[in-house]
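If you read the sequences in order, they're chains A and B.
Reminder that position 557 of the first sequence reads as 557 in this note's numbering, one-by-one numbering, no gaps.
Reminder that position 274 of the second sequence reads as 274 in this note's numbering, one-by-one numbering, no gaps.
Quick caveat, the hints were computed from the structure, so don't treat them as lab data.
Note that the structure is predicted; figures quoted are calculated from it, not measured.
Hints should not be assumed to be uniformly reliable.
Stretch by stretch, here's where chain A covers chain B in the computed footprint (C-beta under 8 Å, at least three residues) [unchecked claim]:
#, region
1, 74-86
2, 95-105
Label pairs and their in silico Cβ distance ranges [as the list claims (entries may be wrong)]:
#, chain 1, residue 1, chain 2, residue 2, range
3, B, E138, A, F402, 35 to 41 Å
4, A, E166, B, I246, 29 to 35 Å
5, A, K165, B, W113, 51 to 57 Å
So these bits of chain A aren't anywhere near chain B, every CB distance computed over 12 Å [as the list claims (entries may be wrong)]:
#, residue
6, L251
7, V343
8, L436
9, D456
We put the CB at the ideal spot given by N, CA and C, even for glycine.
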Amino acid sequence: MTETTKTPAPDAVPTPTPAPRGLLPLPTAAARALLLAGGIATAASAYLAWTWTAEFPGDLTFNGYPGGLQWLTFTAGLLTALFALASYGVRGLGWLLPARNNAPLVLTALGGFTVTWFTVIAISAQLGGVVNLEPGGWIAAVASLLPVLGAFALPQERTGTDGTKETLKAYVAKPDRIPAAQATAPWIQRAVITVVTIIGLGVFTYGIDTEYGELFIGYLFVVTFAMWALHTAGLMDRFSALVAANRSFTLAMGFAAAIAFPFTQTDDHYANIGVNILIFGTVALGLNIVVGLAGLLDLGYVAFLGVGAYTAALVSGSEFSTISGVHLPFWASALAGAAASLVFGVLIGAPTLRLRGDYLAIVTLGFGEIFRIAVNNMDGDSGPDVTNGPNGIANIPDLNFFGFNFGQAHDIGGFTLGRFANYYLLMVLIMAIVVLVYTRAADSRIGRSWIAIREDETAATAMGINGFRVKLVAFALGASLAGLAGTVSAHVTYSVVPTPYQFAGSTPPNSAFLLAAVVLGGMGTVAGPLLGAALLYLLPEKLVFLQDKSLLAFGIALILLMRFRPEGIIANRRRQLEFHETGQLDVPKQTTLTDEPAVTKAGA
Amino acid sequence: MTTPVLEARDVTMRFGGLTAVRSVDFTVNAGEIVGLIGPNGAGKTTFFNCLTGLYVPTEGTVSYKGTVLPPKPHLVTQAGIARTFQNIRLFANMTVLENVLVGRHTRTKEGLWSALLRGPGFKKAERASEERAMELLEFIGLAHKRDHLARNLPYGEQRKLEIARAMASEPGLLLLDEPTAGMNPQETRATEELVFAIRDRGIAVLLIEHDMRFVFNLSDRVAVLVQGEKLVEGTSDVVQADERVIAAYLGEPFEGDPGEAEAAEVEAAEAAAEAPSTTSSTKGEAK
Ligand SMILES: Nc1ncnc2c1ncn2[C@@H]1O[C@H](COP(=O)(O)OP(=O)(O)OP(=O)(O)O)[C@@H](O)[C@H]1O
Ligand SMILES: [Mg+2]
Numbered sequence: 001m002t003e004t005t006k007t008p009a010p011d012a013v014p015t016p017t018p019a020p021r022g023l024l025p026l027p028t029a030a031a032r033a034l035l036l037a038g039g040i041a042t043a044a045s046a047y048l049a050w051t052w053t054a055e056f057p058g059d060l061t062f063n064g065y066p067g068g069l070q071w072l073t074f075t076a077g078l079l080t081a082l083f084a085l086a087s088y089g090v091r092g093l094g095w096l097l098p099a100r101n102n103a104p105l106v107l108t109a110l111g112g113f114t115v116t117w118f119t120v121i122a123i124s125a126q127l128g129g130v131v132n133l134e135p136g137g138w139i140a141a142v143a144s145l146l147p148v149l150g151a152f153a154l155p156q157e158r159t160g161t162d163g164t165k166e167t168l169k170a171y172v173a174k175p176d177r178i179p180a181a182q183a184t185a186p187w188i189q190r191a192v193i194t195v196v197t198i199i200g201l202g203v204f205t206y207g208i209d210t211e212y213g214e215l216f217i218g219y220l221f222v223v224t225f226a227m228w229a230l231h232t233a234g235l236m237d238r239f240s241a242l243v244a245a246n247r248s249f250t251l252a253m254g255f256a257a258a259i260a261f262p263f264t265q266t267d268d269h270y271a272n273i274g275v276n277i278l279i280f281g282t283v284a285l286g287l288n289i290v291v292g293l294a295g296l297l298d299l300g301y302v303a304f305l306g307v308g309a310y311t312a313a314l315v316s317g318s319e320f321s322t323i324s325g326v327h328l329p330f331w332a333s334a335l336a337g338a339a340a341s342l343v344f345g346v347l348i349g350a351p352t353l354r355l356r357g358d359y360l361a362i363v364t365l366g367f368g369e370i371f372r373i374a375v376n377n378m379d380g381d382s383g384p385d386v387t388n389g390p391n392g393i394a395n396i397p398d399l400n401f402f403g404f405n406f407g408q409a410h411d412i413g414g415f416t417l418g419r420f421a422n423y424y425l426l427m428v429l430i431m432a433i434v435v436l437v438y439t440r441a442a443d444s445r446i447g448r449s450w451i452a453i454r455e456d457e458t459a460a461t462a463m464g465i466n467g468f469r470v471k472l473v474a475f476a477l478g479a480s481l482a483g484l485a486g487t488v489s490a491h492v493t494y495s496v497v498p499t500p501y502q503f504a505g506s507t508p509p510n511s512a513f514l515l516a517a518v519v520l521g522g523m524g525t526v527a528g529p530l531l532g533a534a535l536l537y538l539l540p541e542k543l544v545f546l547q548d549k550s551l552l553a554f555g556i557a558l559i560l561l562m563r564f565r566p567e568g569i570i571a572n573r574r575r576q577l578e579f580h581e582t583g584q585l586d587v588p589k590q591t592t593l594t595d596e597p598a599v600t601k602a603g604a
Numbered sequence: 001m002t003t004p005v006l007e008a009r010d011v012t013m014r015f016g017g018l019t020a021v022r023s024v025d026f027t028v029n030a031g032e033i034v035g036l037i038g039p040n041g042a043g044k045t046t047f048f049n050c051l052t053g054l055y056v057p058t059e060g061t062v063s064y065k066g067t068v069l070p071p072k073p074h075l076v077t078q079a080g081i082a083r084t085f086q087n088i089r090l091f092a093n094m095t096v097l098e099n100v101l102v103g104r105h106t107r108t109k110e111g112l113w114s115a116l117l118r119g120p121g122f123k124k125a126e127r128a129s130e131e132r133a134m135e136l137l138e139f140i141g142l143a144h145k146r147d148h149l150a151r152n153l154p155y156g157e158q159r160k161l162e163i164a165r166a167m168a169s170e171p172g173l174l175l176l177d178e179p180t181a182g183m184n185p186q187e188t189r190a191t192e193e194l195v196f197a198i199r200d201r202g203i204a205v206l207l208i209e210h211d212m213r214f215v216f217n218l219s220d221r222v223a224v225l226v227q228g229e230k231l232v233e234g235t236s237d238v239v240q241a242d243e244r245v246i247a248a249y250l251g252e253p254f255e256g257d258p259g260e261a262e263a264a265e266v267e268a269a270e271a272a273a274e275a276p277s278t279t280s281s282t283k284g285e286a287k
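Produce the entire structure from the sequences given, and follow the hints as far as they go.
What follows is the structure, given as structure tokens:
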């Protein structure tokens, strides 16, 4: 089609670049058909029985109704078919593939293949052999392979002389240029954001509610490939543009979704997971101010969560509190917790923030451990009696706002909100405060000076920034936000003990996990640490079969991520440009600040 | 014309056994453009660092408009001296506009609370800062690149941006450390115009340069620093004609030749610093 219009004059040399063709020698039409048919077949195969016994979790023994992991296969197959239809140019689906590229097709096909084969292999491995597969399982395995074959038979521009590895990379690469979206009316934009939020809430809720490890792994496969596909299709960029144009609306929708979450849950256990993720995420966001904005590597951050929690426990009126006569209302204990953390932040920061880089990291690591050990020893034996040592402060009473007892289930509009759901909603409020503090501080004179200090401390001070002072402000602000979250966490967990407030452990929150949540999610963003925290909380929670190997798996995952996406899952624009030298137009290739000039210094 | 903005008295900077700057007295008057030249390793940058508080001088004082400056960089900037760096030190991952806004730091007051509360005062101050920054970007001709990351600018524009960032602090004296290093002749010409335009805004300029035509064209007065000591100071003609200056650059022995050992030490330190090839040839002559 387009080739014919570009055909050179007959006497010209034949064009040196070969016409694009696929890795697998199939005609394009067949490749497309394979994708579409394979996608539909994959989705349909989810309706068959894959195994004969209900022993494999999720009960995949029914014909006519998908169960557990089959739902994921169904979703992936459906997505593949949708993208295939869009590639045919079906009316109404054009928006799915604005750049008309292959990558989304390849990725959704791979997603279906991965989740289906994972399930089939898991069945065989768990039940002891492939004999446990019903014909439906075999059909699913074959059906999910078809779209992959089709995808790699699609013509790919950059096949040429490059090696197979380059070609494979090209298959899943995002095109440089995504056609701009047509202007749409504001109400349509908002409708899109609303729909995406609802889908997002659904996807997130599904992830939290997964009942067994295999389902969670399958879920991660499908979500990862689907997100990757949407990214390469350019839909993520388009959505970001929508969000940028409707910032406050998106924020409101985000919080509406966060509030809606407990109403979608029937089991308070999942609300418990929710509230723990929120606590973890809020603290990670506070750490993001210190690490992401000001660039101060704080390895003892969890201590501030502990200070807040202990303060709240002491003034909660618990009979185990060493000042058990004191029972402050929550607003007062929240302020007290934040203030106590602030004081500790300043006390620890004032001497340490004069250090730079690695030294600061080591010293904060030390202070973090000192906190835990001190709390462990202040039991009246080896120190003053403040914290009851390893026994901690138990029986922390539930909060009570104007007669609304957080410890009891309440019926609201036909929904029952259990104890954890109550605390969850309180945490949403706290998180809203922290998000507000983060965004406002980041986009201001003080936020800019934090970033400047991170970028080049010498230049920053030469620009008139009092380095020590702004670093101390960042440190203290981060500390008090963690303390605030700590006050709620004390009530949620009934008791506070020293053990969780350590540097590294296999369950969050601890300083290492907090830092990982920030780095993994995306430094310097709001959504990044929250997503990172959710992932890092859910992984050990859901993958119980990993047990003591979870830290190993976690380490490997972190290394892989840092290798392939150093800017974190959600990239701040700044960091994206930092790690990948593209994305900004009219930029000469080889200019970086470190390049020495071709100097004209004549020395004479 | 003769009110001094900057007065350095007897500034000495020693690094262990090496005296990089030796008892330098130096004055810059309001409205002046002063050049500071000298061979590589003469101590020019070190002298700048002493003036701006990045180094605490071993001896001597620096005063700005009659008040002695504490050797703290942020207080020096606050007082009204701004600088650029020999090896560009922009905030690489901030945008062009943000870089200039950081330069406004000392001239704005909004702290954390006003950032969190976002009262009308905060918005007004932010808007005013941005206007002022944009005006400076117009002035140096980078307004169209306001949202680019500093690291993505071509070299010459990075130099210009550093000047704009320094000017954002509304200084009375601007110190430029080799502003044309790495520039082509056209860019150097443009920078010359830029320096004159800066002076016309009432900002005194003290600049280090190796491009002699540039320095002698621009400067009302030129001082020559050799091995940490101020050798000559005067108008372009006087300095250009001075035998000692020629000797210092071309390597004839001059009065008060420092000991052999010290010369070797300076030589070694110079070699350690990345010396571009053009300079090594000159140094060869100097031996
Ligand atoms: N922090 C430091 N510690 C030790 N020695 C230093 C330090 N800074 C500079 N020096 C030494 O002081 C001397 C003067 O260096 P300086 O950078 O001031 O020279 P310069 O005149 O700016 O040279 P150039 O023209 O190459 O920029 C050199 O010998 C250098 O090695
Ligand atoms: Mg220098």
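Here's how the hints hold up against the structure:
Counting residues of the region 74-86 of chain B whose C-beta lies closer than 8 Å to any C-beta of chain A gives 6; at least three are required, and the coverage claim holds. Only residues whose C-beta sits within less than 8 Å of a C-beta in chain A count toward coverage, and the region 95-105 of chain B has 6 of them, enough to reach three; the restraint holds. Separated by about 57 Å at the C-beta atoms, E138(B) and F402(A) break the suggested range of 35 to 41 Å. The supplied range of 29 to 35 Å is broken by E166(A) and I246(B), whose beta-carbon atoms lie about 59 Å from each other.
Between K165(A) and W113(B) the Cβ separation comes to about 54 Å, which falls inside the hinted range of 51 to 57 Å. Listed as outside the interface, L251(A) is consistent with that label: its C-beta sits roughly 15 Å from the nearest C-beta of chain B, beyond the 12 Å cut-off. Look at V343(A): its CB is around 16 Å from the nearest CB on chain B, clear of 12 Å, so calling it non-interface holds up. Listed as outside the interface, L436(A) is inconsistent with that label: its C-beta sits roughly 8 Å from the nearest C-beta of chain B, within the 12 Å cut-off.
A cut-off of 12 Å between C-beta atoms contradicts the statement that D456(A) is not in contact with chain B; the least separation is 5 Å.
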